[in-house]
Amino acid sequence: MSNIPAELYYTESHEWLADNADGTVTVGITHHAQELLGDVVFIEAADLGRQLDAGEEYTVIESVKAASDSYAPVAGEIIAFNEALEDAPETVNEDPYVEGWVMKLKLAQNADLSGLLDAQAYSDLVASED
Amino acid sequence: MSETLLTTPFYSMHLEAGAKMVPFAGFDMPVQYAMGVKQEHLHCRAAAGLFDVSHMGQVRITGPSMEAVALALESLIPADYFNLAAGRQRYGFFTNDNGGILDDLMVTNAGDHFFVVVNAACKAQDISHMQSHFGDDIQLDVLDDRALLALQGPKAAEVLARLAPEVMDMRFMDARPVAILGHPCFIGRAGYTGEDGFEISVANDRAEALAAALLAFDEVEWIGLGARDSLRLEAGLCLYGHDLNTETTPVSANLVWGMQKSRRAGGQRAAGFPGADIILSEIAHGPAQRRVGLLPEGKAPVREGVALVLADGSVIGTVTSGGFGPSLGAPLAMGYVDSVHAAVDTQVFALVRGKQLPCRVCKMPFVEQTYHR
Chain F
1 MSNIPAELYY
11 TESHEWLADN
21 ADGTVTVGIT
31 HHAQELLGDV
41 VFIEAADLGR
51 QLDAGEEYTV
61 IESVKAASDS
71 YAPVAGEIIA
81 FNEALEDAPE
91 TVNEDPYVEG
101 WVMKLKLAQN
111 ADLSGLLDAQ
121 AYSDLVASED
Chain H
131 MSETLLTTPF
141 YSMHLEAGAK
151 MVPFAGFDMP
161 VQYAMGVKQE
171 HLHCRAAAGL
181 FDVSHMGQVR
191 ITGPSMEAVA
201 LALESLIPAD
211 YFNLAAGRQR
221 YGFFTNDNGG
231 ILDDLMVTNA
241 GDHFFVVVNA
251 ACKAQDISHM
261 QSHFGDDIQL
271 DVLDDRALLA
281 LQGPKAAEVL
291 ARLAPEVMDM
301 RFMDARPVAI
311 LGHPCFIGRA
321 GYTGEDGFEI
331 SVANDRAEAL
341 AAALLAFDEV
351 EWIGLGARDS
361 LRLEAGLCLY
371 GHDLNTETTP
381 VSANLVWGMQ
391 KSRRAGGQRA
401 AGFPGADIIL
411 SEIAHGPAQR
421 RVGLLPEGKA
431 PVREGVALVL
441 ADGSVIGTVT
451 SGGFGPSLGA
461 PLAMGYVDSV
471 HAAVDTQVFA
481 LVRGKQLPCR
491 VCKMPFVEQT
501 YHR
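For the record, the sequence lines run as chains F and H. The first sequence begins at 1 in my numbering and counts up one residue at a time. The second sequence begins at 131 in my numbering and counts up one residue at a time.
Next up, chain F with everything else stripped away, as it sits in the complex:
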């Protein structure tokens, strides 16, 4: 069973987003995504200060199987990258929602969380893929 916390937002490309309620959000990949990828061996450092549009590719996650792009769930500026992943990329597999976060965004003026999936909708999406 895929682990899908109720309090997070999700995308169809299997990112999660936590609203920090201070104009910033934390982004990572879902439990289901890390299962699909397999053992993660490298995550390209995201460029701090880069302005992202919603849906824009911001990093590449490399697993033992393949390279996979990850996308910004909403528009914003990259204000943090989880540097612990450089030495321990497997954290994304082991703890995708807490220690395995990937980046933090400062939301853009026009950023819109309403288009994201809630836990139920994402759970339905995952179920439909299985």
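Errors might be hidden in some of the hints.
[Said to hold, decoys possible] Quick list of simulated restraints, FRET-style, between CB atoms:
1. F:D69 - H:N228: 34 to 42 Å
2. H:L458 - F:D19: 36 to 44 Å
3. H:Q269 - F:A127: 34 to 42 Å
4. F:E77 - H:A342: 53 to 61 Å
5. F:D69 - H:A395: 46 to 54 Å
6. F:D124 - H:G459: 37 to 45 Å
[What the hints assert, rightly or not] The calculated DMTMM-like cross-link candidates involving lysine to aspartate or glutamate, where the alpha carbons are at most 25 Å apart (straight line), are:
7. F:K65 - H:D158
8. H:K429 - F:E86
9. F:K106 - F:D47
10. F:K104 - F:E83
11. H:K485 - F:E86
12. H:K150 - H:D348
13. F:K65 - H:E146
[Said to hold, decoys possible] Which chain H residues stay away from chain F? Per the calculated CB distances, all over 12 Å, these:
14. G166
15. Q169
16. E377
17. G388
None of these hints come from the bench; they were simulated from the model. We put the beta carbon where it would ideally sit given N, CA and C, even for glycine.
On the provided structure of chain F, position chain H as indicated by the hints.
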């Protein structure tokens, strides 16, 4: 593309073991099991891994004499099979008129016939290639009624000896008929992981029972195609269709060790195989490109198809296999570079997502082979 995939006799065992199945060379094959690629890889290097390689082609070749069959094989493969002793195996490759490689294979002198194992994707082509070149007195029997298991790893011999004690007497590249659980099998002490181990040819209707008996030992776990790839890459072994193809010669692929002296210039049966002029000339004068090992200096994997360049951006080669080596604990790759840049410790750059990632040309294997010689 709704072509029905073939299955091996282990299909239902794979599903029970939680395998993720993928199409591979026309077969529905396990790419990984519940353990995952990385743990499967490490398990094989620490204990014993069981691989379903039944998709590979097993062919029995007979003729008026063993010498006649050996010479027929030598007419298509630049290796010495005439002097291959009974009960011994030898690696080889089919070449074409341009000196390129059509497939690589394992050939065994089984005493009263030759036993050949070819790659799944090349099976039909290899068989028609042999049929069209061999005389009518050479008989090919495709052993579709037999499955093939590989048992690989430091515990492989100990485990298999519990079922067949005589395997302890075998050394690397020995092959012989052995009864396991009362049924005739054909076992070679070889494999494609860099580890000691065995390949076991078994009748389809006894295959599941044999796999179940091996898996009953704590040391043995199923290993999928994903880990098979990272294991063979760490061992510096070529994968046909990636590191070898019709554009690569045995010389550029650094496989001249697979051409015994009798087939090289001045040897007793020198030449006499497709592309001999080109291949022997390349041995004498050097190939334009060479296959090399590559160690990326950073942590990003460098994968198949990536261009290799110098600092000034000029292209000098291509990566043909690459990824992450779980035992090495680092990314690794192999590829072809212009021969002038093939020396060990040469710095080259892999062009990944527009960035030049520094890599060092290195010796292979990346992880020490532990064959039982």
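Any of the earlier hints contradicted here, and which numbers? 3, 14, 15
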